[in-house]
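Between the sequences and the hints, there should be enough to build the whole structure, so can you do that?
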Amino acid sequence: MITRMSKVEIVGPKDLLRDVVALLQQLKVIQIDPEESELAGEDAVEEKVRPFLHDERERSLFERLFLEDLRRRIDDLFASLPNVPVRTSYIEPQVILDTILVTVDKHLRTARTLTERKRSMESEIEECVRFASFLGTLDSLFKQPHTPPNLDVIMLTIKDQTAVEHIRSTIAKLTDGKFKLFTVPAGRGTLAGMITLEKDASVAVSAALTREHVPELALPPSFEALPLSGKITYLERHGLELSRQIEAVDRELGDLGRRWGPIYRRVREWIDERITLLTATASILQTRMCFFIRGWMISDDVARLRAQLDVSFGMQVVLEEKHMREKDLEHAPVVLLNRPYFRPFEIFGRLLPVPAYLSFDPTPFIGIFFPVFFGMILGDAGYGVLLVILALYLRRRYAKKREVADASQVLLASSLYTIIFGVLYGEFFGDLGTTLFGMEPLLIERRTSVIPMMVFALSAGVVHIVLGLLLGAITAFRRKVRREGFAKLLNILIILCMIAVFATFFGYLPGLLSRPIIMVILIATPFLLFSGGLLAPLELLKNIGNIISYVRIMAIGLTSVLLAFVANQMAGATGDIVLGVMAAVLLHLLNIVLGVFSPTIHALRLHYVEFFSKFIESGGKKFDPMHK
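In terms of the working numbering, the sequence shown opens at residue 1 and continues consecutively.
Any given hint could be a false lead.
[Unchecked claim] Estimated spans, in silico, between C-beta atoms of each pair:
(1) Leu604 with Arg87: 19 to 29 angstroms
(2) Lys622 with Pro13: 26 to 36 angstroms
(3) Arg112 with Ser243: 19 to 29 angstroms
(4) Leu65 with Leu27: 27 to 37 angstroms
(5) Val311 with Glu539: 28 to 38 angstroms
(6) Asp624 with Leu604: 44 to 54 angstroms
(7) Val84 with Val311: 33 to 43 angstroms
(8) Arg397 with Thr99: 48 to 58 angstroms
(9) His213 with Asp105: 28 to 38 angstroms
(10) Thr279 with Leu529: 44 to 54 angstroms
(11) Thr435 with Lys621: 51 to 61 angstroms
In case anyone wonders, no lab produced these hints; they're calculated from the structure. Every residue, glycine too, gets a C-beta built ideally from N, C-alpha and C.
Following this line, the structure appears as structure tokens:
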């Protein structure tokens, strides 16, 4: 539900402002209303009441820009350092701020240099491994009798894959086609390449590659004189040496993080607190001697904050609850607080925009109707028992993961309604309950009673849509939009009258009532046009169409029960007990999976599209109290 909010004003001497703001940040109970400071800045008489930072606005702006820049540089430094456990620092950041301004740039340059060196060595290791694998593959080729004794190898990185053919044609001209070019994909869209050619042509080819800006693998000159097996050994040793250097760089970065990390983290926290304070004080009003803090609180917290201010500041700081004007309601922030049963259903409510303060919280309605619709659709006691077991397991297994725990609570409630409707429909794994226990339906047998089930689903739709229109009318009257409210009430009246007319046709109501009911519809229609405009009849037809949409409850449920019935029939028709049981179990498992997802999707659709569109008003502002 949407919690009642109060508009409050806190007044005190200017020299206590910092302490009061610090207390409010610690308690996290009030959201400052910037609208009030802007209004006061415009309408204040002779500037006696003005924003707190009015006299020092330029200095405050420069301080904030300075702190945000310093925070960005500290964040860049942490991004370059490894995540190592560090101690807690209790140093006072304001005292060392000038020193930090110098050291952070020095340490950032050092960390970036080390990180870049590490990245370069890691890339070189990848190339060494890749080329060592190349050479190992070609080692056997070089040992063959027909292989020329003066064969040489050039290793390179091709950054543009489209340049392979150009490189191939360039080398062919220089070697008269006496070469081989091997390539394999490398990281970042590049290719690793290796050229085998005669040693006499290797110098000319290397020069040509340099002119074409094709980089060779950077290796010392002594590498060229090594035999092929020696080159493989060298690459392996070179890779190990690079790995040791990377470990040394990691140790150096770790030492830097352990030594300076606590100090920078403490400064980072102080900067956040200081920027929050500057943001808050920018919306605070002042006179020559006093400050005014105007904002919003949860009404139940007003007395607690007043008591805390009395304890901390005595009678010097006063909290007053202001009278709410109609235009204030448009700016009131929204807090959604629900009872424990409804709280897990907020997982669905969070998918919607924040409702307006004068609207309704969708969560309780989902908590009431979603499990009912889910149970109406699935409606099998056997499936419900299995889902209860699954929900209890998930709730216990993932108790610390909020999303999974909430989903398991929703599944548990929906499963219980599945069992209830399963008993009403007489279904336990389809007709297995009837076969084994003589289970009979208490309300409707869905497999054969299609029309009664359709009427049942439409009845649920009527209740749901009429409730939505009624809540929409209440919301409209709250917002002082009376014509919209009357239009929704007339929609309810006409829909109920139309249902009554159909009831007289089928003998559920006396036929003599049909004429006066039709007269009521004819009389209400002009008023509907007057209150809802020319599009009001289309809106009425839309509402009737929304009610018809609830037939999906019958259709999807019928699909589920028929699939369960087919599973049981197949078990007896195979002629093999083991094969029949396996087939039945697999079909029932498939039906359970479909029976979880289909009711969930369609029950939510009935809420989001058909129901909430009647009364939920979006555009609310989430409550964001002052905090450190």
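**Prompt:** Between Val311 and Glu539, does the C-beta distance stay in 28 to 38 angstroms?
**Reply:** For Glu539 against Val311, whose Cβ atoms are near 56 angstroms apart, the range 28 to 38 angstroms is violated.
**Message:** Taking 51 to 61 angstroms as the stated bounds, is the beta-carbon spacing between Thr435 and Lys621 within them?
**Reply:** The hinted range 51 to 61 angstroms holds for Thr435 and Lys621, with Cβ atoms some 58 angstroms apart.
**Asked** CB of Asp624 to CB of Leu604, is that within 44 to 54 angstroms?
**Response** Given about 28 angstroms between the Cβ atoms, the range is violated.
**Prompt:** So the hint says 19 to 29 angstroms: do the beta-carbon atoms of Arg112 and Ser243 match that?
**Reply:** Taking Cβ atoms as reference, Arg112 and Ser243 lie about 22 angstroms apart, which means the hint holds.
**Asked** Lying within 19 to 29 angstroms: is that true of the beta-carbon distance Leu604 to Arg87?
**Response** With Cβ atoms ~49 angstroms apart, the hint is violated.
**Prompt:** Taking the CB of Leu65 and the CB of Leu27, does the distance hold inside 27 to 37 angstroms?
**Reply:** The hinted range 27 to 37 angstroms holds for Leu65 and Leu27, with Cβ atoms some 29 angstroms apart.
**Message:** Quick check on a hinted range of 48 to 58 angstroms for Arg397 and Thr99, using CB atoms only.
**Reply:** holds, 50 angstroms
**Prompt:** Would you say the C-beta atoms of Val84 and Val311 sit inside 33 to 43 angstroms of each other?
**Reply:** Holds: the Cβ-Cβ distance is about 42 angstroms, inside 33 to 43 angstroms.
**Request:** For the range 44 to 54 angstroms, tell me whether the beta carbons of Thr279 and Leu529 fit it or not.
**Result:** Holds: the Cβ-Cβ distance is about 51 angstroms, inside 44 to 54 angstroms.
**Asked** At the C-beta level, are Lys622 and Pro13 separated by a distance inside 26 to 36 angstroms?
**Response** holds, 33 angstroms
**Request:** With 28 to 38 angstroms as the target window, see if His213 and Asp105 comply at their CB atoms.
**Result:** 34 angstroms Cβ-Cβ, so the 28 to 38 angstroms window holds.
Checked against the numbered hints listed earlier, the structure breaks hints 1, 5 and 6; every other hint is satisfied.
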